[in-house]
Each structure stands twice: as structure tokens, then as C-alpha cells.
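Student: One-letter residues, chain by chain:
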Amino acid sequence: MHNVIVVGSGAAGVAAALELSQCRIRPLVLDVGEPAHPPGDVHDNFYDYKRGHDTYEMTIGRDLQGLSNLLTDREVPVKLTAPYIDYVTRNAHTLSPIDEVDFCAIQSFASGGLANAWGAGLYRYTDHDLEGFPIQPGDLDPYFEKLTEEIGICGEADDLEGDFSSTLGLLPPLELSRNITRFYDAYRRRKHREIRIGRARVGALSGARNARPAYAYRSLDFFQESTAVYSPRYTLDRLSFENRIEHRTSLLVKRWREHDGAVTVEARDTVTGEQCTFEAKKLLIAAGAINTSKIVLQSHDDYETVLPLLENPALQFPIVLPKLIGSALDVTAFGLVQLNLVWDSQTYGMRLQGSIMDITAPNRAEFFASLPYSARANLALIRTLLPSMLVMQLFFPASSQPVTHISLQANGHLRIVGHPNTLDLRKLGPLLRYLRRLGAWTFGRLLVRVPAGHSVHYAGTLPMHESGGRYRCTPDGRLGGTENVFIADSASFSRLTAKNMSFAMMANAMRIAHGVAKEVKNR
Amino acid sequence: MQNSPSPRTDSTVEPQHPDRGAARIYAAVFRQTIPEMILERFVQAATVLDRRTSDEERVLYDHALKRIGDLEALELAARYTHRVPALSDRFRLMVYIVETDPDHQHYYVGSQTGFVGGLLSMVGGGFQTTVKLIKGWFLLKRLGSA
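Chains as they are written, first to last, in the working numbering: chain C, 1 to 523; chain D, 524 to 669.
One or more of the hints may lead you astray.
Distance condition first, Cα-Cα at most 25 Å in a straight line; then the derived DMTMM-like pairs of lysine to aspartate or glutamate [claimed, not checked]: (1) K79/C <-> D99/C; (2) K254/C <-> D476/C; (3) K518/C <-> E279/C; (4) K658/D <-> D593/D; (5) K79/C <-> D624/D; (6) K79/C <-> D612/D.
Calculated directly from the structure, the hints in this document are not laboratory data.
Bound conformation, chain D alone:
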């Protein structure tokens, strides 16, 4: 794995159950408890994703689930630095799976906010992203030294 922080590969961290990963990632993006159907589908797909995840990446991912509170911030920093791809891939996976659910459509297709509303949303998102990115870099460091 390139450019990844180096956790102890003899880590005592227990592999995290796939359900826990699903619940944490869903909560990070949607701020709710994960519905059963989405959980099942995520776990099924994540099992396939696991097969192409190296042991080292897997350990990092398990560390992240166990020790990092703000997974959204960590994922953002990880995406920009190409670290912990297992985490970024699982965020993408969650967003794909959730889109298939009729009750979640409002997350993907919004009602008309108008130009000013849209612009404010983008500016707000940019501010939120900056804060998350700074936090994420610290979390990445913490993860690397765990």
C-alpha cells in the first residue's frame, strides 16, 4: 500500500464486524441509525470489497472504526492524501447502496433552492469541508501513530 500511515501490523485491535462498519459509515453520512435492508446490502457488497483489501489496509480500517470518532473528517483527509482507501471505498459503497432506497431520494435529488440558496449551500459546504479537512489530518496522524 502506498503512502499509508504505518500502524503496528501486530495490532491487538480486533477485526471489526462488518455490521459495525456499516453502521458507523451510514451514521457519518446520514446521521441516523442504519436501516436493516441497507445494512444487509452493504455487508454483502463489503464482503466482496474485503477480498481486494490488503491485510495492512484492513488493519487501518479496523483501527479507524474503533478509535476515530469523526469518520467523515478522516475519510475526507484520507481521500485527499490517498490513505486508507478501504475507508473511502466503503463510503462510496454506502452512497451507492443508499441511493437505491426510495426513502433516501431526498439526499440525492433536492427540491429547487434557487440560485442564492444553492450558492449558500455550496459556500457552507466549502466551509464545513475546510474544518473537516483540518480535523481529518489530525485524525490521520493519530491513526498513523496508533
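If we strip away everything but chain C, and leave its shape as in the complex, we get:
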């Protein structure tokens, strides 16, 4: 019998496995584990490379993955369409079919999970974020510190320190691109009482560390993996190599049964189709909020219950810096989030968080259909306007839209019923006016309501409550009605503020794993 089984190897599962291994428990980690592609071999700046090499296989791919948003009815975030990253969502809808209404669920069965394609924004939860949770920031702080050391996070003390908390252990920030520098300078000259802007906290290395190289500013962020940007897969591989975990792949966990103080986990081998069972003293489920909920509902043979599913609604819009129209494209920009904006919005009555990015990383063609001119004139806009452009993604708390619901159907499919993104754009007025004061243009026509499901921040299906209860967790992560089953991912979040929850989810997974390790040792 194993001491602990961890289901899932995404950000939460790996964090839980890391903490267990540090508590001298060698967990069995079960997942499907779609393997990553071999590392790419482009060492030039991508724009230099494109001038001398055909990039069809790299950007579109033999199976036309890069065109999937055009060739299929299912639209996904652009980064997930790149051929090198297609393994992240490969077979997801075959392995776990979902009937969706007004929702586009993004699932991953890859080792490392969706974090292989994340923006790597890592933000500590504070008192404000943990309102409604039965835990305090102090409960998570030790794990934030361990994770900061494990991951390597860039950032600095600035106007967002109050929102993002301690800068302890942070690496120096990455270099800002030309456009972002100009925008940030304008902010520092004309601050706003409701709006704060500062450097993003990003899981990317500004200097070489633990055999990982420093980030190289080659504009390859969308088309080739860089180990300078952290993926939980690196920790998973290291723990496995050091024999501190047992990692078994090609296993799709279906359900568990509790008996005589132990848990039996049933899984299907995705290669042979055979059923397998594994026994452990404790089970930590971290399969992602959607699949964790499925495993829980399947274990209860429950085809009736409808669970809430929280997600951050989002808006996306371009910011043009007019003085840079006609300038050369800055091809050395960091392709993920460079600045964050926090807006205590009176018009929306809530705190919102924005990510401000350069747009050098995606294909230029990605912008073609969004621009308003004729085809040839749009190409000219791509050459003259895009070099002056930034993009803002503005995230809202889950509570700003009606709750999405998730249930298990008799045919084994999940059903998710969401709502179209109906965020009120008129309330953006104060923010857009402030951006104009900073010398930036925004265009109403180019403002996009991000489709429901695309933020990929899913949570809250089995929320933590002080007293636990059916389909709830106790503060130590124990699932109501069970003795030895714990929920270690964001399914146990009580609410979802606008702040990206990945870092808090990982810290919480470690907190729960620490408690489980203590129980195992005391048994």
C-alpha cells in the first residue's frame, strides 16, 4: 500500500508531490502524462530566423494545429494552437468528453498540465483575496516562500507591493520592452488614485539558475519551449529522477473507494484499456477543477448534483502608443506579461487586475482579421501600427458573471453550462480615459470579450468551508464525508478574485499535502 497517491501532475499536483517529498514521503503520482515535444532548435531571434527559414512546421504544423481556430468550430487561446504545445491539450476531449453550453473548457492531460502553456504570472494571495476562505495569508506564506525558491520568480517592490505582497526571494525583474518602458514611464509621471501599475511577478529567470538558462528575449515564446520560463514539469521530472516520487503515466483515474482506513483508486490504462487499482492511506486529488469534480462525482455515482464552477471573466483590448506608429518592431520583447494593473473600480464596484503585454510573440497574421481595413491595407497596418501596440487583458472576479454549473451525465460526459461573457463595457470609461491621459489610444471596435472558459482559471466546485459538508472541503482540504480523500487543486477555492490564482493554488496544495504528511506519520 502506498502512503499517498496524488492524482494529476499539473501545477497543484506537482506542488503537493514536492511538499510530500520534502516531508520524506514518496507519493505515487498518477496521470495520463501526454509527453512533451522534444525541445526546439532555433537559437536565433525568431524574426531573424523567419527571414531565412520556412516556418510552416514550426508555426502551423503538419497537422495544421496552428490553424485550428480557423479550421475547427472550437476556438481556444492562441498560444495553445502552436504545434510545439499541442500535446498540452492533446486527446483531452476524447479522454474526458464535455457537453458545453456557452463555455469552452480547456483541459490538459499532459505531464505538467496546462501550466506548460501558462503566462507564468505568479501572485501571492493577500487578505483581500482570501476573504471568504477559512484560511489566512499566514497559512500560505511558508509555501509561497518555498515555491519562490523552487520556481525562480522575477519582480520588484513597486506600487503593486501592497497587492502582491512580499518581494522576499524574488529575482531581479526581466527587461521591459521599448513600448512597455514608454507606457510605464508615462504611468509614473501621472498616477491615478484608483489605478496602480507595476512589474509583473513572473516565473521566468532573469539570470541562469539551477541548470536553467536566463530568458533570452528571442520572441520565441509562442513557438518554442524555453526552460527559462518555469513549468511544473521540470519539478516533476527532477523529483522523478531523484526517485523522490513514483510517477506512473498513461493512467486516467476514474474513481476511488474508501474502506478500512484506506483508499482504492481505480484507473484506466489509456494505452491498453485495462482497469488498474492502486491502494493508499491517503488520496490527494489535483486533476484540475473540472476533472477533480468529475472524479468526485463518479466516485459517488452522482448524476444529479450540479456543482458551481468559478472562472475569471476577461476583456482584451489593444493599447496604441501613437508616437511609436511607423517605428520598427521591437523583436526582443518578453512575450508574456510585463506589467500588471490593479484597478479598484468604482464603476464596477470591485477590484480588477490587468496584464499588459507586448504583441511580438504571436504570428502577425493573428491580427489580420481583427483590423478594420481592406486586406492589403490591413497588411500595411500590421507593419506600421502593430509595432506601436500593446495588449491589455483585464480580469474580473468570478462573481462579476452568473455562476457556471458542472454536472456528470449518465453517459459519463460532463456537462458545463456557462453564460456568454456579458461584461458591461461602458463601465470601462474611467480606465480608458486614464489610458488616454497616459498618451495611449484604445479602440472600442477592437475590444474583445474573452469567451467564457478561455481564462482557464477554473475553481470552486468543491469549496473550502470551516465546517466542510457534502461536496465541500474542510480547511485542511479533506473532502466532506470522507476520511482520507483531499482536494489539492483550485476546486477547493471558496471564491475567485481577479488575481491569477495559480500561485495560491500551488501554495495551498503544499499546505494540504503538509497536513496529509503529518497525518500519515502520526498514524
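Following the hints, put chain D in place on chain C, whose structure we already have.
Tutor: Showing chain D alone in chain C's frame:
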């Protein structure tokens, strides 16, 4: 299909060969003869796109290829009115595929023109777009009554 002009579905228009669509769209955007490699790649991807194109849309697209001279103007008007999505999708497809070719990079990443040059380019593009849009609306009407 929503909001589309209604061509005769018993049209005598022959389905247009995918190569012809590729060549016409490439010429509309890049004003040149389509290179062989881009043609092959476009046809391969367009074959997948065809599977999600309804018969009615397909007929409209074939009409457009056969009867409309200025495809760029038609596509612009079609994009604004959400008509003939098969045409707009194929324009997008072409722009994606061409970007992978090293010899076409100058269409996507320009050399520095300076603020005035950039602004003039945008104003010129706006003027060109207005003219094309007006023409495109007439072409859409013509397509609808074909």
C-alpha cells in the same frame, strides 16, 4: 447561413478548382502569381476548411471566384456584413500561410517608416478601404442577385 445573399442554389456555376481560389486570393492580397509551395499548402488547408463550409456558402464562394473581379473589395464588404464567410476565412488562411515563407516577411514586418510615414500609410489605407468598401457593397449586391 445567416444574412447571406441568396444565390440560386441550382446554379449552373461549376465548383471552382481549389487552385483557382488560391491563385485569385493570393493575387488580391499580394498582387503576384502564387508560388507553388504556397499554393500546395493553401489547397491542403482549404480542403479542411471546405468540410465546414455549407453547400450554400460554397456556391456563393464559387460565384465570387467566377464572377467578381475585385475579390479584395468583396471580402472587405463581406467581412463587415458577415456575408460570404467562406471568402473571409480563405483570405485569413492565405495570410497565415504566406507568413511562414521567408520571402514574404517584408509584408508582415516593415522597416522603420517614422511617425509621419506611418501615419500617412494609415490615412492612405483608410482612404483605400473606404473606396473598396463602397465597391464591395455593390459587388455583394451583384453576387446576391447572380
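Student: Could you grab the alpha-carbon distance between K79/C and D99/C and see if it respects the 25 Å cut-off?
Tutor: 23 Å, holds
Student: Holds or violated: K254/C with D476/C, Cα cutoff 25 Å?
Tutor: 24 Å, holds
Student: Is K518/C within 25 Å of E279/C, Cα to Cα?
Tutor: 19 Å, holds
Student: Please work out if K658/D and D593/D have their alpha carbons no farther apart than 25 Å.
Tutor: 9 Å, holds
Student: What's the verdict on K79/C and D612/D, does the C-alpha distance respect the 25 Å limit or exceed it?
Tutor: The given pair, whose Cα atoms are some 20 Å apart, holds under the 25 Å limit.
Student: Is the straight-line distance between the alpha-carbon of K79/C and that of D624/D 25 Å or less?
Tutor: 20 Å, holds
The earlier numbered hints are all upheld by this structure, with none contradicted.
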